[in-house]
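Use the sequences and the hints to build the structure in full.
In order, the protein sequence lines correspond to chains V and W. Throughout the first sequence, residue numbering follows our numbering, covering 1 to 321 in sequence. Throughout the second sequence, residue numbering follows our numbering, covering 1 to 734 in sequence.
FYI, nobody ran anything at the bench for these hints, they're computed from the structure. These numbers were taken from a predicted model, which means no experiment stands behind them. Treat the hints with caution; some may be incorrect.
[Unchecked claim] Distance condition first, Cα-Cα at most 16 Å in a straight line; then the derived EDC-like pairs of lysine to aspartate or glutamate:
#1 W:732 x V:304
#2 W:732 x V:226
#3 W:678 x W:403
#4 W:627 x W:680
#5 W:387 x W:322
#6 W:387 x W:584
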Amino acid sequence: MQPFRYTRPIQVQDALEIVAGEEDAAFIAGGTALVNQLRSGERRTTHLVDITDLPLVGLEVTRQGVRLSALERGTAGDERVRAGYPVVAEALLAGASPQIRNMATPGGNLLQGLRTPFYREAVLEGQREQVSTGETSDSGYRYGPIFSTGTGVYGSDLGVSLAALDAVVVAEGAGGERRLPVTEFYREPSPDKPRETFLEHGELITAIEIPASPAAARSTYLKVRERASYAYLVVSVAAALELEGDTVRSSRLALGGVAAVPWRAEAAERTLAGQRLSRDVIEAAAQAAVSGARPSPQNAYKVELVRRAVIRALETLGGRA
Amino acid sequence: MTRMGRGIDRIEARIKVTGEALYTADVPVENVAYGVLVGSTVASGRIRRINTREVERMPGVLRVFTHMNTRYPGEVTPETVGELRLSFSDDRVHYVGQVIALVAADSLERAEEAASLVRAEYEEAAAVTTFEMGLPSVFTPTVDEGYVEAEPDTSRGNFEAAYADAPVRFEARYGTQKYHQTPIETYATTALWEDNRLILFESTQYVVGAQTGMASVLNMNPDNIHVVSNFTGGGFGAKGHLWPHTIRTAMAARELGRPLKVQLTRPQMQTGSAYQARTQQTIQLGATEAGDIRAVSHTNISQSGLDDRVEPATDLTRVLYDFPNLITRERLVRTNHNTGGAMRPPGDGPGLFALESALDELAHQLNMDPIELRRRNHADRDPDQDKPFSGKALLECYERGAERFGWAQRDPVPRSMRDGHELVGYGMASASRLQQAMECQAAVTLHADGSAVVATGVAEIGGGSYTTLAQVAAEDLTLPYNRVAFRGGDSTLPAASGSFGSMVSASTGSAVKLAAMDARAQAARLAVADSGSPLFGVAIEDVVAQDGRLVRRDNPNRGESYASILTRAGRETLRGHGRFVPNEESPFSSYAFGAQFAEVRVDELLGIVRVSRFVGAFAAGRILNEKTATSQAKGGIIYAIGTALMEGVHHDHTSGRLINANLFDYHVPVNADIPSSKLDVIFIDDGDTAVNLLGAKGIGEIVSIGVPAAIANAVFHATGKRVRELPLTPDKLL
Chain V
1 MQPFRYTRPI QVQDALEIVA GEEDAAFIAG GTALVNQLRS GERRTTHLVD
51 ITDLPLVGLE VTRQGVRLSA LERGTAGDER VRAGYPVVAE ALLAGASPQI
101 RNMATPGGNL LQGLRTPFYR EAVLEGQREQ VSTGETSDSG YRYGPIFSTG
151 TGVYGSDLGV SLAALDAVVV AEGAGGERRL PVTEFYREPS PDKPRETFLE
201 HGELITAIEI PASPAAARST YLKVRERASY AYLVVSVAAA LELEGDTVRS
251 SRLALGGVAA VPWRAEAAER TLAGQRLSRD VIEAAAQAAV SGARPSPQNA
301 YKVELVRRAV IRALETLGGR A
Chain W
1 MTRMGRGIDR IEARIKVTGE ALYTADVPVE NVAYGVLVGS TVASGRIRRI
51 NTREVERMPG VLRVFTHMNT RYPGEVTPET VGELRLSFSD DRVHYVGQVI
101 ALVAADSLER AEEAASLVRA EYEEAAAVTT FEMGLPSVFT PTVDEGYVEA
151 EPDTSRGNFE AAYADAPVRF EARYGTQKYH QTPIETYATT ALWEDNRLIL
201 FESTQYVVGA QTGMASVLNM NPDNIHVVSN FTGGGFGAKG HLWPHTIRTA
251 MAARELGRPL KVQLTRPQMQ TGSAYQARTQ QTIQLGATEA GDIRAVSHTN
301 ISQSGLDDRV EPATDLTRVL YDFPNLITRE RLVRTNHNTG GAMRPPGDGP
351 GLFALESALD ELAHQLNMDP IELRRRNHAD RDPDQDKPFS GKALLECYER
401 GAERFGWAQR DPVPRSMRDG HELVGYGMAS ASRLQQAMEC QAAVTLHADG
451 SAVVATGVAE IGGGSYTTLA QVAAEDLTLP YNRVAFRGGD STLPAASGSF
501 GSMVSASTGS AVKLAAMDAR AQAARLAVAD SGSPLFGVAI EDVVAQDGRL
551 VRRDNPNRGE SYASILTRAG RETLRGHGRF VPNEESPFSS YAFGAQFAEV
601 RVDELLGIVR VSRFVGAFAA GRILNEKTAT SQAKGGIIYA IGTALMEGVH
651 HDHTSGRLIN ANLFDYHVPV NADIPSSKLD VIFIDDGDTA VNLLGAKGIG
701 EIVSIGVPAA IANAVFHATG KRVRELPLTP DKLL
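Given below as structure tokens:
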């Protein structure tokens, strides 16, 4: 392990200045992702700035929505969130075991990095950037994306649920505060632009805001994985419906495990709009959700799995009072 | 009288759960240096150069060991090492992760940092990275001086004719993955030298094997090698052999003049030791309409690595049923992987996935109950050795397992049982495992204070051996269990069997029993010759043990405690010795048997399988400790639920690199996967008194055998879809 400095400031401004001033400095909160990445050599740092003591804890629930501070760990069990934003609570519960949830933070969750085993291997030869875009990897990787290139898939359950609800990431940096919608927060890395988000070096997530909406209250998160707990998603669906009788007024569908970013299934949302939530409409929406997928032979099953997961999620919501 | 041993808590339970138990890497050693291994990043070729000089200049680095500064003074044998070409032998690279450097530094952190900066330049060669790539070059192995010990083909009767004549025929191909043992404790070695004497703290399943193996490769007298392994954090076969990193660590410690500790990382475990080879098996069955199986062929192709090695998947097919006309064949494909090896349950695990799946398919084809098909083809004698079994209660396993499970409620029609979103299925499979034995020794020492100490150098790998072996002595001496202490895990103690092959209870247990009998006989001889003893003058054969005393057989009130015998004789201690030698000329064939029953629930839409209920019924002779045996059986079933549903080592096809060599991506079951309140184990006494002195058989392996087939059969019953390649992941059931 590379030697590094460790600092634990108590003011946000101090934390921002330290990281901004040092190219390989990094923020650390719960460390459930970063420590592993440092141990494996996937990431290197010269200075860890521990933000645990920053005043970034708190959960506000108002008529306008939820404001979740970056270090707030109590969201999954909060009754207001469970009632008004079930998709978020369910995603958090599906995201990790209780031990990890008690360490991890929402801000860190959104920055956990792409899921691809090739990162770990690539660090052996300093190839991380090439591999993260799929250039030197095996095209037959069965967990790879179906809507983007490379091998990396977006794996944050929380992030997929936030993308469905049009949540906004609040970040603070040298240039002041910025507000980035979750759907525009991530980008597919490329060799010349290896960063996976639009966050600048030295910017710190301070909060996440989830706007209230009628759909949010009727929402659900479905995670398909290959063991019952302590496993990343293979695919996932965050779904939210605003119903009038059995007619869909509006809907939100986001998919995990299908691309390098949380994938908003807009075509499926358009298919649902204004329709009665019948079996046929659900099937059509599910089909629309996977239209345009470009799987490899090894991960072609994901297309069918996503289609079926969308059906299950919508049926669940249709039956949910 | 029940032969079931009492369910006693483990001796070491408290120190294990409180963290006091010292595993190999925990043992404090003064002035220790730390070593970190570096693996190759290519699958085939030669090392042109390694930047060792540069790395040696880094802070705290003591030395970098590579093939350039390594010469092994002695020899290796397939019995002692898991791969015949030791790492650092030369500049050749045969697989990704092959150890090419050992970096020693004065702290672990400095060693890790330096190791991460080791770079090798390679002259790369073409590599066969996967089973599929090697398959076109499939070949028949020949018995060699390495790991191919058995002739690849066997037959009895006339398969071709019987198959041609069979009114019902069935043929299918099955696959199992490459699996790694993933014990929770990664390998650790600490080596220190005192003059020319080596003290080796080692994670091992076989203390004596580590000692003699090191002696051979270092060209030393075994008496100058002291191996200590207080506790081993799981092995499952991974720690049965000596591995090159241990050897090089010991040599490096001598060269550095300083103790050296090396612990493998989790990813290094997958190439630092053996694994269970991937298999592709083809089974042909020819039967009558009534379900008499007349013809069977079983061909297994297993994936070999650097050394040829067969994953012996066809062995049980020769024994488990009374198949009159049979062919078995073992074939290999060579790949650029490390050498495969034993992993619980070796051979029979993959083999019975195929055979027991095929029988289920045949039963379905014949419209016959799967248990009935197995009953019809039951082997009353071992058809392979043509010998009677020393004990066999397979039919009782079917019967009592089925009863406990509720097999009678099974509607035989696939897809006929449903619960909401989920299809429900029942499946079963047979299990069996050869009883192996190994020569070994033990000592039982009586003390004048009335206590006893059992000593044998057995490795405690998690199964509870220290406890059950102490129990064997306590029962023989009729001492209260808490008066018997246990010492193990040390090569200075009498040589125990390896803790593998399901043989500790039977082999080392027999040695302990003999040692206790010897101690008891010596105490009896002291007493009958002592005029002060109530047993004075009694014939030695009329002295028996009862309630911690030696008494007259015809009058149990006449007798005295071991303590008083020793005290009056002026003896502090009295040491009994036991040597167990397997009976190579046994007129019997000895196997454990079992039946596994699974209930699964399959999400019809999403293809997610969960095991919702499980019953394992095992006939394995006398069970020494009901509690540890039950725990071991449950653990073995859980382990094999992983094999069925999620497990497998995966390589990048292009580079050959491991892509899931960590516990997050290499899935084994977590609590949420296991129906812990509906996991039931039954032990059935087969009345076997011939297998060994204790009438005990090993259960470490049989409990995992048959489980994947029972689950796959249940999935077929639930869904109507037959999955012939493990694991049963959702993609296969869409």
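Okay, the hints, checked on the actual structure:
1. W:732 x V:304: Holds, at roughly 11 Å.
2. W:732 x V:226: Distance ~12 Å between residue 732 of chain W and residue 226 of chain V Cα, so the pair holds.
3. W:678 x W:403: Since the Cα atoms of residue 678 of chain W and residue 403 of chain W sit roughly 15 Å apart, the hinted pair holds (cutoff 16 Å).
4. W:627 x W:680: holds (13 Å)
5. W:387 x W:322: This hinted pair holds, its Cα atoms lying about 13 Å apart.
6. W:387 x W:584: holds (13 Å)
Checked against the numbered hints given earlier, the structure satisfies every one of them.
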